[in-house]
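With these hints in hand, go ahead and build the complete structure from the sequences.
Going down the list, the sequences are from chains E and R.
For the record, in the first sequence the residue sitting at position 96 is 96 according to my numbering, with numbers rising by one throughout.
For the record, in the second sequence the residue sitting at position 74 is 1074 according to my numbering, with numbers rising by one throughout.
Simulated from the structure, these hints should not be mistaken for lab results.
Fair warning: this is a prediction, and the values are worked out from it, not measured in the lab.
Don't be surprised by glycine CBs; every beta carbon is placed ideally from N, CA and C.
There may be inaccurate statements among the hints.
Unchecked claim - With a straight-line Cα cutoff of 20 Å, these simulated PhoX-like cross-link-like pairs (lysine-lysine) come out:
hint	chain 1	residue 1	chain 2	residue 2
1	R	Lys1080	E	Lys154
2	E	Lys154	E	Lys190
3	E	Lys124	R	Lys1010
4	R	Lys1010	R	Lys1131
5	E	Lys190	E	Lys144
6	E	Lys154	E	Lys183
Stated by the list, open to error - Stretch by stretch, here's where chain R covers chain E in the computed footprint (C-beta under 8 Å, at least three residues):
hint	segment
7	127-141
8	144-150
9	205-218
10	222-231
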Amino acid sequence: MQSGAKQAFENEGFRAHDYLSRAGEDLWKYAPTNKLISVLAEEDVSWRIARTKTSIRTITIGSTPKQLTFNFGQQTEVTSLNQSPALTRLEEAANRGSETDFLVNLDNVKWRGRTAAEFVRAIKLAFKAGAFRAALYIASEGVKHHPEDADLRKYVCVLNPNQPPATEQTAEAKPQANREWLKAHAHEYKGKWIAIRNGELLGAAHSLETLVEEVSREYGITFPSREVMVTTGA
Amino acid sequence: MSLVLTLTFKGRANYNRSSATSMSTRPILAVFIGGQSAEAYLDTGMPVTVCPPDFAATLLSLDPADGLEEEVRIRGVLVKGRMHNASIEFVADQGTVTPMNAVVFVPDSAADVGPDLAGFSFLGMYECLNKLIFGVDALTEVFYFN
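What follows is the structure, given as structure tokens:
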């Protein structure tokens, strides 16, 4: 590309850096060259294919630099990074509900250069495919590339709960006694929530909220409770 | 030729608790979820542990700000709800239990997951059962775990 034409792109804040390699596909690709565009590139911006109004093949090396006119935003030509082929295949697998296809296509995704929003989108697609472990993998990759992104950090935190919970040593339900009661009486409370303690029924109600209120009031029990089992009649 | 395999478990629990479910092939275990004594299906076909929304709202202290609002696929159906962390602990008839911090999904509507979610949670694989070595003796209806 002639230096004059290149400078014209620079002045607009863009650089058509792979023009020659992609000219055959009529595709322009831009990379940020100033701070403003860099910031925009980190957002979930829509990247669009731009075509010259004149045939792209009329621009040749050595031709006289000239002002080019582009068509942006034609519906048929608009695409985004979110719809890059790799993510499109993930989306198709997720829409089919195929975890297997999703995982196969996940291997082909290159994460380098992806925005935080794209990682989040891929995580949501993983959930849609029922691929929970893949969701954690994508979130972990996302945090590697965008360590300050709060959304990605939250995904890793929720999906990877490594901290063992603090155990509270209190009176506990006696499983054997409760099981015996349930075997004998659960069928009498079909469709109801029931509270039992040490093989004794404390209350039954159609609404769990009502049951908890009544048992709390009558027995002075604070919920959640390890001592009082809350379940339903069979 | 027979295979001799020795596994060591820390605890055991009987399952299948009531007359109406005695014909069921699905194990129902006594558990503590978020510190609340309850019952739950052991379901290796469930991708994640699922709690009934009224159970979570009434008995679990889950802060919405700590959860993720997501649409997830469960049993081939897309279900909207929130994903949280909660402690899960098996209730052992014999042996000891180590509580775990698990991922729990709470659907907006129990009906989206199926009628059995009304009253029972489902212990699923992701960040719950896949943290364990466990065995099921279906003949005597005993669940072994560590």
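Outcome of the hint check:
1. Lys1080(R) to Lys154(E): 19 Å, holds
2. Lys154(E) to Lys190(E): 40 Å, violated
3. Lys124(E) to Lys1010(R): Not OK: lysine 124(E) and lysine 1010(R) at ~37 Å, beyond 20 Å, violated.
4. Lys1010(R) to Lys1131(R): 14 Å, holds
5. Lys190(E) to Lys144(E): Violated, at about 51 Å.
6. Lys154(E) to Lys183(E): 43 Å, violated
7. 127-141: holds (count 6)
8. 144-150: The restraint on the segment 144-150 of chain E is violated, since only 0 of its residues have a Cβ under 8 Å from chain R and three are required.
9. 205-218: holds (count 4)
10. 222-231: With 9 residues closer than 8 Å to chain R, the segment 222-231 of chain E meets the three-residue bar; holds.
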